[in-house]
Every structure is written in structure tokens, then in C-alpha cells.
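Peer 1: Each chain, written out:
Number of protein chains: 2
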Amino acid sequence: MGDIKHLVLAKFKDGVVVEELLQGLQNLVSEIDVIKSFEWGEDVLKDERLGQGFTHAFLLTFGSAEDLATYIKHPSHVEYGKAFRAAIDKVLAIDFPVVPKGISA
Amino acid sequence: MGDIKHLVLAKFKDGVVVEELLQGLQNLVSEIDVIKSFEWGEDVLKDERLGQGFTHAFLLTFGSAEDLATYIKHPSHVEYGKAFRAAIDKVLAIDFPVVPKGISA
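Keeping their order, the protein sequence lines are chains A and B.
Residue numbering for the first sequence follows the UniProt record's numbering, beginning at 1 and increasing consecutively.
Residue numbering for the second sequence follows the UniProt record's numbering, beginning at 1 and increasing consecutively.
Bear in mind the hints are in silico, worked out from the structure with no lab data behind them.
There could be a bad hint or two in this list.
Which copy? The list can't say, so a pair holds if one copy fits it or any two copies do.
Below, in silico cross-link-like pairs of lysine-lysine (PhoX-like), each with a Cα-Cα straight-line distance of 20 Å or less [stated by the list, open to error]:
hint, residue 1, residue 2
1, K73, K46
2, K46, K90
3, K82, K11
4, K36, K73
5, K13, K46
6, K36, K13
7, K82, K13
8, K13, K90
Predicted model only: the values in this text are computed from it and were never measured.
Chain A extracted, bound-state conformation (with noise of 0.2 Å):
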């Protein structure tokens, strides 16, 4: 079984603390130990028309599906779910099974 990857894009809301929302989501990752990796960014970019407004990614890596469902349903991360949504403009999130391709580097 191969890795999957939860892709979530988000713009925040015009005040809105967004360190305070990633020290929620660090816990979150901390906690939920299904969780094989978790690394986000700020997008730099910045084109409006190829980034469609999104200003933050978050990646999440699990070791398979069902480590997933675990991550959605855990009460933590529905917890977390009500203050994340709370907090922005607009949101994309799609869930891909990862097919690597070897690179020698």
C-alpha cells in the first residue's frame, strides 16, 4: 500500500491570526499519531488567476486510507474542523493516493 496525500488549500479571512491556527493544527499532528508527516507553506506565487486566491497549502501524508478516515474522524480533528472553517474565505481539499516516480537525482 502506497502513501496518501490530504492536500488542503485555504485563504483565511481578513484579521484572522493564522499562527494561532497552525499552532492548532501542530497540536493536532502531534496528537494524532496516524499522521506520517505533515508540512504546509505560504503560497509565494502569488499569480491571481493560477492561484485562484488560495494563500496557504497544508499537506498531510498517511500510510493509507484507512490511517486517513482515522485522521477525518478523529474528534481532535472535527474540533479543529469548526475553528478552521470559521476562520476562512475559501477552502480546496482533495485526497490523492501517491504514485512516485523514482528520480535519480
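For this one, chain A is given, so just place chain B on it according to the hints.
Peer 2: What follows is chain B alone, placed relative to chain A:
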């Protein structure tokens, strides 16, 4: 310097042979040596509202913003971009420097 990720989401036009485009992308990845890693996958969440119709995610990782710029400007990428744009209904792209958070599994 940390890694920077180039994320592209796409929805292909009806009738497009995605495998051919993927092969072209794979060739690109093999050819352009500034690409640190390449992952892609097809959305399995299939949530119309959350996914906004995007069906595929492509994630390229570079060691620096300079390497990403080298990739973007590379003649083979420019050429591939024409075929890619001709095949898509919609596209979203953002670039984000990775803020890694260590997770002890």
C-alpha cells in the same frame, strides 16, 4: 535554505489521454535535474464542493527558489506547458516554501 514545492491541480478535458501527458511529464522530470522529487496522484475524495472539479495533483519539490525558476524557464518545460494547457479545462498552481514540522511517528 529549505525546499520549495510547486503544486499544480488540473482538470483535463474530456477525451484527453492523461497517460500521454503523464509520460511527457515523467520525461521532463527525468531530463531536468533541478527537480528534487516528483509525486502525483488522482483525487479519490471526489467532493464536488471541496475539490472544485480538480481531478489530478502534481507536486514537484525543489531545493531552492532558484532551482524552481530554472525549471519554469527550461525550454522543455515551456514546450510541455503548451501541450498541458491545451489539454486542461482548468488549472490551479501555487508555490510554497515548505515549513516542515518534525513529527515523531
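Peer 1: Run every hint past the structure and note whether it holds.
Peer 2: Each hint, compared with the structure:
1. For a Cα distance limit of 20 Å, the shortest separation of K73 from K46 across copies, 17 Å, qualifies, whereas the shortest one inside one copy, 33 Å, does not.
2. Taking the shortest alpha-carbon separations for K46 and K90, both the intra-copy value of 16 Å and the inter-copy value of 17 Å come in at or below 20 Å.
3. In this assembly of identical chains, the alpha carbons of K82 and K11 lie at most 20 Å apart only when taken from the same copy (15 Å versus 29 Å across copies).
4. Taking the shortest alpha-carbon separations for K36 and K73, only the intra-copy value of 16 Å comes in at or below 20 Å, while the best inter-copy value is 34 Å.
5. Within a single copy, K13 and K46 get their C-alpha atoms as close as 17 Å, which meets the 20 Å cut-off; across copies the closest is 26 Å, which misses it.
6. With identical chains, the CA atoms of K36 and K13 are never at most 20 Å apart, being 29 Å at best within one copy and 34 Å at best between copies.
7. For the identical chains of this complex, K82 and K13 are intra-copy neighbours only, at 14 Å inside a copy versus 35 Å across copies, given an alpha-carbon limit of 20 Å.
8. Taking the shortest Cα distances, K13 and K90 sit within 20 Å of each other inside one copy (9 Å), while across copies they are farther apart (25 Å).
Checked against the numbered hints given earlier, this structure breaks only hint 6.
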